[in-house]
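Asker: Can you build the whole structure from these sequences, using the hints too?
Just so you know, the sequences run in chain order A and B. Letter 319 of the first sequence, counting from 1, is numbered 319 in our numbering, and no numbers are missing. If you want our numbering, it's the 1-based position in the second sequence plus 414.
Computed footprint of chain A on chain B; a stretch qualifies when at least three of its residues, placed anywhere within it, have a C-beta under 8 Å from a C-beta of chain A:
hint: 1; segment: 466-472
hint: 2; segment: 498-505
Among chain A residues calculated to face chain B with C-beta under 7 Å, some are:
hint: 3; residue: Leu16
hint: 4; residue: Lys56
hint: 5; residue: His62
hint: 6; residue: Val68
hint: 7; residue: Gln75
hint: 8; residue: Ala82
hint: 9; residue: Met83
hint: 10; residue: Ile84
hint: 11; residue: Asn86
hint: 12; residue: Ser94
hint: 13; residue: Gly143
Selected chain B positions facing chain A (Cβ under 10 Å, derived; list incomplete):
hint: 14; residue: Ala434
hint: 15; residue: Pro475
hint: 16; residue: Met480
hint: 17; residue: Val482
hint: 18; residue: Leu483
hint: 19; residue: Gln489
hint: 20; residue: Val492
hint: 21; residue: Leu495
hint: 22; residue: Ser508
hint: 23; residue: Gly557
hint: 24; residue: Asn558
For the record, the hints were derived by calculation from the structure and aren't laboratory data. Positions of the beta carbon are idealized from the N, C-alpha and C atoms, including for glycine.
There are 2 protein chains.
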Amino acid sequence: MALIVQKYGGTSVANLDRIASVARRVIASRENGNDLVVVLSAMSGETDRLIDLAKKINPAPHEREMDVLISTGEQVTVALLAMILNNLSVPARSFLGSQVKIITDSAFTRARITEIEKQQITDELKRGSVVVVAGFQGVDGDGNITTLGRGGSDTTAVALAAALSADLCEIYTDVEGVYTTDPNICPNARKLEKISYDEMLEMASLGAKVLHTRSVEFAKKFSVPLVVKSSFTNGSGTIVTGEDKDMEQVVVSGIAYNVNEAKVTIRGVPDKPGIASRIFGTIADAGIIVDMIIQNVGADNSADITFTVPRSDLKKATEILDGLRGELGAAEVIADENIAKVSIVGVGMRSHAGVASEMFRALAKEGINILMISTSEIKVSCAIERKYTELAVRVLHEQFDLGDDAPLVTQEEL
Amino acid sequence: MALIVQKYGGTSVANLDRIASVARRVIASRENGNDLVVVLSAMSGETDRLIDLAKKINPAPHEREMDVLISTGEQVTVALLAMILNNLSVPARSFLGSQVKIITDSAFTRARITEIEKQQITDELKRGSVVVVAGFQGVDGDGNITTLGRGGSDTTAVALAAALSADLCEIYTDVEGVYTTDPNICPNARKLEKISYDEMLEMASLGAKVLHTRSVEFAKKFSVPLVVKSSFTNGSGTIVTGEDKDMEQVVVSGIAYNVNEAKVTIRGVPDKPGIASRIFGTIADAGIIVDMIIQNVGADNSADITFTVPRSDLKKATEILDGLRGELGAAEVIADENIAKVSIVGVGMRSHAGVASEMFRALAKEGINILMISTSEIKVSCAIERKYTELAVRVLHEQFDLGDDAPLVTQEEL
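Answerer: Dropping the structure here:
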């Protein structure tokens with residue numbers, strides 16, 4: 001008998017029919033002899049509706065009260081699922097974050113889980129109940145309601161699986177699993193059977209929207225066996241797990257892209273110590289997260305520094321640099337919104353040479369100019385002009401032979 | 415400086431504009447030097463929407479989960495009011511029933527408050543905050559969410575006022591106060607300046623929908639000074655308080671009516687001991703609440719027993735009596751839906767004779783036949799044919815001189 005934590009996202013609980021279908025899946029797993037903890041998101045659209053309401057009051061709503069407001073969405077879905085299960089004679093109880101004591105810090109709207117008191121859940125499981133837990137929410141040390149930020153229900157599920165030493169954490173969503181790239185761009189994108197935590201982290205943070213980044217960090221840290229699968233079909237999904245020998249055979253596992261960044265360049269900065277620290281210290285103090293950074297020194301001993309920031313922070317970043325320009329003795333500040341980042345990801349890169357140059361060659365062959373390059377042990381990213389995004393993804397997908405020419409998985413209803 | 419508990423009903427928080435208007439009223443009272451605890455209902459219609467959702471699953475939804483579901487409505491409104499107040503630079507914090515520890519029994523969907531731990535609220539007030547509390551909800555000894563039944567937010571407010579020894583509990587609603595009768599029937603109905611707890615209880619339980627009955631019982635038990643007023647105007651409302659000398663001068667304070675009851679008669683029951691107990695024991699076991707009961711014995715030593723039940727329970731009550739008919743040796747069971755109950759209410763009756771006969775005479779003069787009579791110390795009720803309801807109310811209102819010939823209060827916007 002295994003203990004399984006299942007998590008269902010917003011589209012999987014979008015209405016009563018969908019919640020009933022979740023109930024059938026829960027019951028099927030239970031009939032296979034499993035103990036079940038089920039974590040739910042709010043109905044799709046509900047959290048946005050509540051946020052919109054709050055933003056009519058103030059574009060930057062009071063954060064403590066925001067969490068009181070938006071945590072109601074999950075409360076509705078867990079009650080409804082528990083009702084449906086009880087109605088089908090399966091004992092079930094819903095719990096809020098504050099009830100099963102998902103303790104977080106007090107960073108409202110983006111809280112981090114610090115502790116889970118598992119006693120109540122294990123007691124409830126022993127009584128034979130399905131335990132239905134509201135995702136996305138917790139409670140701080142003073143009893144205030146907190147939420148974990150967008151996609152936080154994934155983190156709730158993984159954290160519960162870790163705390164309960166669950167045998168498996170199943171993340172149900174509206175896609176079949178993790179793909180080699182976005183199937184909207186490459187129709188022959190292939191669903192991966194398996195991906196390592198590190199690869200998944202790179203894919204997730206690069207914009208593959210299947211799993212919340214923090215949940216993957218959590219899963220890696222506590223070695224939680226994770227599977228991402230569809231709640232609309234019976235596919236096997238994608239297993240997210242530690243690295244193994246097989247994985248290293250594959251040089252590139254997937255192609256990620258991100259069109260939500262913008263590029264800022266400060267030109268003609270005198271090349272002397274402390275300049276980079278001054279620039280990025282000021283940017284960081286403003287709460288702006290910098291991704292890629294490049295610096296090159298020209299013949300006249302002045303440097304150009306270019307970096308990327310989230311597009312929504314571009315205006316603020318440009319203003320900060322304009323303010324610093326005099327002090328730094330820089331020539332000019334240039335902003336560019338029209339960029340995209342494409343990346344190849346794979347743990348096999350660690351043991352294979354020439355992967356980056358193969359990427360550059362493939363892009364060059366299509367006339368795509370590379371604006372910036374950054375690398376990690378298992379990833380190579382290039383900033384390019386935004387208009388080439390789809391082309392670049394397709395070219396790289398082809399180059400690293402990721403396609404599947406078999407037909408797409410049939411969408412069988414459960 | 416006074417401590418005031420204010421409660422706003424569903425129509426008073428129906429949308430963001432209305433909640434903003436509540437905020438202005440709260441701030442005005444605060445600027446008069448008062449400490450404020452504000453209790454809110456859900457937006458009007460929201461609780462019904464959630465109940466409908468649950469009833470699609472099962473017409474008798476799982477009660478524990480029902481309370482998890484329907485308690486979200488108040489959570490939304492308290493968060494929004496606290497946001498608006500903070501946005502206007504008035505410190506405010508929202509609290510759920512579980513957070514301020516409104517402890518109840520575990521009778522889900524109709525729980526009763528057993529205890530309130532006031533420490534958190536008084537601490538918050540000392541810090542200068544407006545304390546905004548979700549009405550209608552509590553938490554049982556095991557940490558389960560409970561709700562107090564329809565209109566329960568009134569009870570939350572009165573219970574908080576009692577626990578905190580508040581100087582005043584203001585119940586804001588969409589009418590000007592308590593009227594001598596329904597102004598839709600008698601356009602010259604007069605708003606009462608003052609009414610005793612007991613009179614209010616009779617008026618409320620008879621169908622005057624201004625205050626939740628249980629909240630009045632609570633207010634009476636703990637002598638909470640209560641005022642019912644409109645959140646849409648600046649009227650003075652109606653004070654609900656202990657009896658005083660002035661009140662006893664008035665024989666009849668108001669006319670109530672109720673068209674939601676039905677009448678059942680079981681005819682030809684042998685007149686022997688234990689019959690009534692057998693009938694009403696069985697009816698009570700089915701959870702049906704009986705209101706008026708009359709029994710008369712005919713010449714042949716057989717009795718007719720007639721009683722009223724909520725109209726929604728009529729079918730069930732008739733079935734039960736049909737089942738008992740053989741055992742009791744009764745002749746027949748007759749159901750009648752077409753009745754109404756009209757009542758005169760007033761503490762002055764205690765010290766004035768002839769009030770009941772004056773009522774009967776007034777009805778007789780209009781040819782209205784009296785089907786049943788029941789009396790209490792401060793009330794006389796008559797069941798009549800339903801079609802005469804409005805006529806009877808107008809006749810009695812006139813007879814006891816309750817009308818006001820001054821024009822109705824102007825509906826000034828706040």
